[in-house]
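Protein chains in written order, with our numbering: chain A, 1 to 424; chain B, 1001 to 1460.
Hints are computed from structural coordinates only; laboratory data are not their basis. The model shown is predicted, which means the values in this text are computed figures rather than measured ones. Quick reminder that beta carbons are idealized off the backbone N, C-alpha and C, glycines included. Warning: the hint list may mix true and false statements.
[What the hints assert, rightly or not] With a cut-off of at most 25 Å between alpha-carbon atoms, the simulated BS3-like pairs for lysine-lysine come out as follows:
#1 B:K1119 <-> A:K346
#2 B:K1136 <-> A:K346
#3 B:K1119 <-> A:K378
#4 B:K1119 <-> A:K347
#5 A:K22 <-> A:K8
#6 B:K1050 <-> B:K1442
#7 B:K1136 <-> A:K347
[Unchecked claim] If you anchor each label on the Cβ, the simulated ranges turn out as follows:
#8 A:R14 <-> B:A1440: 44 to 52 Å
#9 B:L1445 <-> A:A11: 46 to 54 Å
#10 B:L1104 <-> A:R80: 30 to 38 Å
#11 B:I1096 <-> A:D61: 31 to 39 Å
#12 A:D181 <-> B:A1271: 52 to 60 Å
#13 B:I1096 <-> A:E404: 26 to 34 Å
#14 B:K1443 <-> A:N375: 49 to 57 Å
#15 A:Q364 <-> B:E1062: 29 to 37 Å
#16 B:I1096 <-> A:N349: 20 to 28 Å
#17 A:N375 <-> B:K1439: 52 to 60 Å
#18 B:L1266 <-> A:N375: 34 to 42 Å
[Unchecked claim] To spell it out: a stretch of chain B is covered by chain A in this simulated footprint if at least three of its residues, at any positions, have a beta carbon under 8 Å from a beta carbon of chain A; those stretches are:
#19 1021-1027
#20 1062-1073
#21 1134-1146
#22 1326-1337
The lines below spell out each chain.
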Amino acid sequence: MKRLDRHKSLADYRQQMDQCVKCGVCRAHCPVFGEEGREAVVARGKVALAHALLNGDIEPDPQLSESFSQCLQCGKCVRRCPTQVPVDDIVLAARREIVSRRGLSLFGRSLTSLLRRPRLMHFLASSARRAARLLFRRIPQKSGLRLRFPAPFIDRQRSLPALAKKTFRQRHPEFIAGQPDRPIIALFTGCMVNYLYPEIGEGALKALAAIGFNVIIPKNQGCCGLPALSAGDGASASELAARNLRAFSEQQPDQIVTLCASCHSGLTHHFRDLGPDYAALAERVVDINDLLVSQGFEEILQQLPQPAQKPKVAVHTPCHLRNSGLDEPPKQLLAALPTIELIKMKKANACCGLGGTFSVHHYQTSRQLGAVKANAVKESGADLVATACPGCIMQLQDSLDQAELPQRACHVLELVGEALAKEP
Amino acid sequence: MIATRIIRIIEDIVGAQHVSTADTDRLCYSYDATQRQHRPDAVVWPSNAKEVSLLLKMANAEGIPVYPRGAGSGFTGGSLPIHGGLALVMTRLDAILRIDEANLIAEVEPGVVTRQLQKAVEALGLFYPPDPASLKFSTLGGNVAECAGGPRCVKYGVTKDYVLGLEVVTPQGDIIRTGGETMKGVVGYDLTKLLVGSEGTLGVITKIILKLIPLPAAKKTMLVLFDSIDGAAQAVAAIIGGKIIPTTLEFMDGTTIDCVRRGTDLELPEAARAVLIIEVDGDVDLIEKQAATILQLVEPLGVVNTWVAANSEESESIWQVRRSVSPSLRKVNPDKFNEDICVPRSRLPEMIRTIEAISHRLQIPIVNFGHAGDGNIHVNIMVDKAEPGQEQKAEQAIEEIFTATLKLGGTMSGEHGVGVTKAPYIPMELDPAAVAYMKAIKKALDPNNILNPGKIFLQD
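Let's have the full structure, built from the sequences with the hints guiding it.
Here you go:
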């Protein structure tokens, strides 16, 4: 069997680590540092630690794992860094380095600590409420959701209600014909849409049908690999990447569309490092909002009928879209949608606090960041907060629930889908 | 290594979760923006003056060096634990204790980030002017200890001009108050002025009383391009000589312009060899008049082009040019030696010419920008340390630049302090009797030399 293509090693980032001049700008921007206040958490501290790890000046002990686990992967430090040190990627490489030397147990430590922490269990219970049974029975071993909701925990929470009976991919055929002269697009469903939020996928299919696109939903696609990367599990991430490369190369789609900001990042940013085949595939990956805007979808939306009552909708920008320069498309779609009233919200660009596996390791900090966000939603006067990432939706909804607020978090495509469904 | 017995004592003082001997923490409190590294034996995060006092008493009894620090963003190593011991991190003391609108003062703890205080007072129509480039992350305690400056200091003065009083833990652990809340006060020595800029060698600041002023109603930003560095330098002298003190008078030389040319909203033609960014603030009528006078004064000095910002957005585009400088310098060479000399304002043209001559003679790129309005220039000697001989060349350049600065009546540091990086050059600027006077103060207050030892003066 062909050796799996690997992500960059920590040593590959040596030159970029050298670019960190320890100026301290990241102290003003790291959300986790804002809560924790310790230098081992902030970007320049992590770069110093990564450098020491690489040079053998520090042991990969639990404290070092702890420091590297304290990262949301929001990329704010990278955007604000005067020398653009890719701290988010360096953190992931450091996690892989530690895991390769010490085994997954260091980052998987959360499983035991989880069971000992009732508030954390409560969070997972509320987040996973709709998903639990399905997760337990049907989610593949390699799905990122396993990392987000560790199995032993779910095991003890069997009484939770079940999710939709059929996953999104089970509901639909592998090929959905559009207009013959229109492009063929492959849909990357992502784990969360497939298992937890199929309504987002339904919205996307309605939108793609409206522009006449032919849609392929490859059956053997898998998780984008981002949660595995987040857990430092480079081997699983490589395996998942290889699987998706096969799944999306077979039918030669014109483009591959993602519905989740994190999946988009997993299939673009994190694919490019893996080799030319992966980089070529990454070139064809497009976020659904971006795709629809580029296809003049705003005009279609503008022609939809106006209801008498419009919910007020605020937008949350997912970090993973922001880092790809895709802040605008979700807002453009919402602005064109006649069924809602788009309103401004403070802290619209602040990270929701989920951060992949971060919320499992550091639930308290995650909660605090989520509370800030929930308060911003409340202050804005919105009925709904729309975004373009199911991960953010899960965290936003949990934050709203924890704050006992009535607002609901949803995907832009859900609103688009609802508007299209009302069309006569 | 620090004895477990000592760690137990520290734990009793601050609580076990607020002291660490973990390698991760020792490493992460080993550096500042000089990029030099010295690991402390332990990191301590006290929460009040009482704890600091107990820690310093213990440190005296046990002979353990203590290195106070804020955000660790200094440029001269003021917070580096060069002899190990304790890194004393002051960021848990981060409360804005009060903003007194009747007396225009604020009382803060040292861990408050400068910008946070500014936002809080600006919401009340008040103003705390000192604006070091690090203001979004550096702490007021660090600003006071280093006497931080910034672009606005041309008009408004530096940190020391705003500190009315302090609460300080002395090196031997006594808690004292200096100065007070009044605008005047002459009882006893002015210890406040002594402590401001003492780089954490004479006491640990635990409270600061700051003077505030009313927030100016409006501001106007201009960017003027000159065909020669000399023209820009003369323009600075002309503006100040014309009895106008702008809020900021920032300057960038030709090499700096070349570095930032791409990546700014404004077009910077090749013919432009120097830039001045000039901002005036105050009542609307006044700033319109001042702006017109300034443009008139600089007109005959080789102006290539002028932008006057019509709104805050255009003003932002102008400031973006200035802010993009620091990160873009690496295009010249990978390593930089960053000095912040200050000369009397009228000598600025001469100083710039001298630096250019040194750069030319030693064949080493030197990029100059900074706060021209108060004669404070950031001199960046750009080298590639990987190339043999370059570092020595840079050191020679630094020495020659300092010599020239002092000859013109200037000082080798306007705002960064001495710390460890400038300590070797102290004898060039201060005569032996002055150094002895300073050392006598240090010795009297810190007989065991436990507080930030090894800073400012070279070790005997």
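Hint-by-hint comparison with the structure:
1. B:K1119 <-> A:K346: Holds, because 16 Å separates the two Cα atoms, which is no more than 25 Å.
2. B:K1136 <-> A:K346: holds (19 Å)
3. B:K1119 <-> A:K378: Within the cut-off at roughly 23 Å; holds.
4. B:K1119 <-> A:K347: holds (17 Å)
5. A:K22 <-> A:K8: holds (23 Å)
6. B:K1050 <-> B:K1442: holds (22 Å)
7. B:K1136 <-> A:K347: holds (17 Å)
8. A:R14 <-> B:A1440: 44 to 52 Å: Holds, since R14 (chain A) and A1440 (chain B) (Cβ atoms, about 48 Å apart) stay within the stated range.
9. B:L1445 <-> A:A11: 46 to 54 Å: The hinted range 46 to 54 Å holds for L1445 (chain B) and A11 (chain A), with Cβ atoms some 48 Å apart.
10. B:L1104 <-> A:R80: 30 to 38 Å: About 33 Å separates the Cβ atoms of L1104 (chain B) and R80 (chain A), which means 30 to 38 Å holds.
11. B:I1096 <-> A:D61: 31 to 39 Å: Given a distance of about 38 Å, which is inside 31 to 39 Å, the answer is holds.
12. A:D181 <-> B:A1271: 52 to 60 Å: holds (54 Å)
13. B:I1096 <-> A:E404: 26 to 34 Å: holds (30 Å)
14. B:K1443 <-> A:N375: 49 to 57 Å: Between K1443 (chain B) and N375 (chain A), where Cβ atoms are some 53 Å apart, the hint holds.
15. A:Q364 <-> B:E1062: 29 to 37 Å: The hinted range 29 to 37 Å holds for Q364 (chain A) and E1062 (chain B), with Cβ atoms some 35 Å apart.
16. B:I1096 <-> A:N349: 20 to 28 Å: holds (26 Å)
17. A:N375 <-> B:K1439: 52 to 60 Å: holds (54 Å)
18. B:L1266 <-> A:N375: 34 to 42 Å: Roughly 39 Å apart at Cβ, these two residues keep to the hinted range, so it holds.
19. 1021-1027: holds (count 5)
20. 1062-1073: holds (count 3)
21. 1134-1146: Result for this restraint: holds, n = 4.
22. 1326-1337: holds (count 3)
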